[in-house]
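Student: Those protein sequences? They're chains U and A, same order as listed. To get the working numbering, take the position in the first sequence, counting from 1, and add 1261. To get the working numbering, take the position in the second sequence, counting from 1, and add 92.
Just so you know, these hints were derived from the structure itself, not from any lab. Just to be clear, a hint being listed does not mean it is correct.
Claimed, not checked - Negatives, chain U to chain A, calculated, CB over 10 Å:
#, residue
1, L1291
2, S1318
3, I1459
4, P1491
5, R1552
6, G1619
7, E1621
Said to hold, decoys possible - Partial list, derived from the structure: chain U residues whose beta carbon lies under 7 Å from chain A:
#, residue
8, V1532
9, L1536
10, L1547
11, W1548
12, V1574
13, V1581
14, A1585
15, A1590
16, L1593
17, F1598
C-beta atoms are modelled at their ideal positions from N, C-alpha and C, and glycine is treated no differently.
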Amino acid sequence: MILRPRAEDIAIIGYHLSKIILGLGLTMLLPLGCSFLCGERGPFFDFLITIEIIFVSGLFMMQVCRAAYESGKKKAPAYEKSIASLDPNWMHGMIMVALSWLAAMILGAIPLWLSGHWISFLDACFESMSGFATTGLSLAQDLDHLSLTHNLWRHLTMFIGGQGIVVVALSFFVKGFSGAFRMYVGEARDERVLPNVINTARFIWGVSFTYLALGTAALWAVGMKNGMEPGRALFHGACIFMAAFDTGGFAPQSQNMLYYHNYGMEIITAVLMVLGAINFRLHYHLWTGNRRELLRNIEMRVLFISVMITFAVTAVGLKVGGSAYASGAPLLLRKGFYQLLSGHTGTGFMTVCAEQIGKEWSDLALVGMICAMALGGAVSSTTGGIKMLRIGIIAEAFVQDIKKVIFPSRAMVEQKFHHIKEVFLEDKTVRAALMVTLAYIILYGIGTLAGMLCGFGFIPSLFESTSAAANVGLSCGITSVGMPAALKVVYIFQMWAGRLEFIAVFTLAGFLLAAIKGK
Amino acid sequence: MESKNKIFNSMLGIVWEVSYAFALMLAAAVICVIVLLVKI
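Build out the structure end to end from the sequences listed, making use of the hints.
Tutor: Here is the structure:
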């Protein structure tokens, strides 16, 4: 029998959700300050209106939930604590995370929609979810003339979403919240760097800000050497850094990385993409002196092998297809490998046009790219997709099963893998890895089916669907303003579910089902 | 002294991470050459 959720459950979820919404509102002060400094009047009011909406709705929701909880407490004395001091349970945490991301999408889309560069509110929501989920698919119109403020917000959504919306709230706006770990896990970060989850969130920001300073400075220098004005080079450097390290894929110009057409930019962004695809726990161990971990860690080994295999397939595909990019090693590296690395790390930066990928690349090259995008980077990084740890675990499980067949029946076969420490392979670990992998494959399939129902071919549909669900952002031309609204909704769902790695989404679905059918 | 060690370790960590990214690019360059040399 399914039990209907109590009003107190909804009040607890709503109360903590309102806190996260208010935290999101505070992050908008940054673009608001930018618009003030740059003298952009229209964008200033776009953000001022949005911040007002967020604060009014957030505070109203907080008061309503508190009042609802207090009235329930009077009826049932079991609720002794006040709502603020009550720890959310696992269900509350997961639902809060799932709803936070949807709320962030809607609220983050308001200033974009007000700018007039997005034809409909759905397009603005698509852009907002694409930003927060670090996907990078864009439906912006006339991006080259978008204000600095809105462009900063687009890239900031990636920086916030890459770290995790809840991580942002935990790091800066929430103090001593013991339900934090449940929400942290809900954002697809099942590994704690440090024993305390708040300190873990702060370490994640420490790494991000260190690389923000180094990466932006490097990109700024290259931009200036390339002839850009210092202020413009700094803005582009910061935006490109946020999109690269958080494996997002937005760029300030409509031509994406092709706009710069510069070796230096491409090498720096390639390095940043790889850094973004590394597990934050591994960052911690490397930064505290355990440098051998880089060579021994299963994720880094699998990533290396996987990048090489998928690139070999893509390179052969480009050569067999007679692509101009296979005419020389530097070109193959610059166009083929850059796209592959961008896809594998879930970034989505492009040094070719989307239509070129769709029309000029052979099916084999596209399959190589699709495999790379589907696999993704490391767990607890900013990437999407199945992730290297799960692929490594499944591979180790295969080896274990083969050993069981080959070895004498009485032999004890124990498989180990190295991930920070030596870990024995257990059935429950393999099961969890296989479940998430299966869920991703189904998600890729749903988008492919939707694409085909809208009249697109199988390979392009699979490419675009994988790109959306694995939060990559590479496009072969399907994502455009003119695509059917239903397909936009499917891609938004894919970006959301793919970023949260399903558990929070399934919990929300179960909660809604219980609310309808429960007794 | 301890904080100096921390900064030094972090800097070395960054060097290792960046080296890994360059190793990926180097290995990819080798694959490029092999694919282009082999007549498919």
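Student: Is it the case that U:R1552 keeps its Cβ farther than 10 Å from each residue Cβ in chain A?
Tutor: violated (5 Å)
Student: Per the CB criterion, is U:V1581 less than 7 Å away from chain A?
Tutor: This hint holds: U:V1581 lies near chain A, its Cβ roughly 6 Å from the closest one there, short of 7 Å.
Student: Return the status of the interface hint for U:W1548: holds when the least beta-carbon distance to chain A is below 7 Å, violated otherwise.
Tutor: holds (4 Å)
Student: For the hint on U:V1532, does the least C-beta distance to chain A fall short of 7 Å?
Tutor: Since chain A brings a Cβ to about 4 Å from U:V1532, closer than 7 Å, the hint holds.
Student: Taking the closest Cβ pair, is U:L1593 under 7 Å from chain A?
Tutor: holds (5 Å)
Student: Against chain A, is U:A1590 within 7 Å by beta-carbon distance?
Tutor: holds (4 Å)
Student: With 10 Å as the threshold, tell me whether U:L1291 passes as away from chain A on beta-carbon distances.
Tutor: Correct as stated: the minimum Cβ-Cβ distance to chain A is 26 Å, above 10 Å.
Student: Holds or violated: is there a CB of chain A closer than 7 Å to the CB of U:V1574?
Tutor: Violated, because the Cβ-Cβ distance from U:V1574 to chain A comes to roughly 10 Å (cut-off 7 Å).
Student: May I ask you to check that U:G1619 keeps its beta-carbon over 10 Å from the closest beta-carbon of chain A?
Tutor: Non-interface label stands for U:G1619: nearest chain A Cβ at 22 Å, farther than 10 Å.
Student: If I take the minimum Cβ distance from U:I1459 to any residue of chain A, is it greater than 10 Å?
Tutor: About 20 Å separates U:I1459 from the closest Cβ of chain A, which puts it past 10 Å; holds.
Student: Hey, does the U:A1585 contact hint survive, CB to chain A under 7 Å?
Tutor: Given a least distance of 13 Å, the restraint on U:A1585 is violated.
Student: Test the statement that U:S1318 is away from the interface with chain A: the closest C-beta pair must be farther apart than 10 Å.
Tutor: holds (41 Å)
In this structure, the earlier hints numbered 5, 12 and 14 are contradicted, and the remaining ones agree with it.
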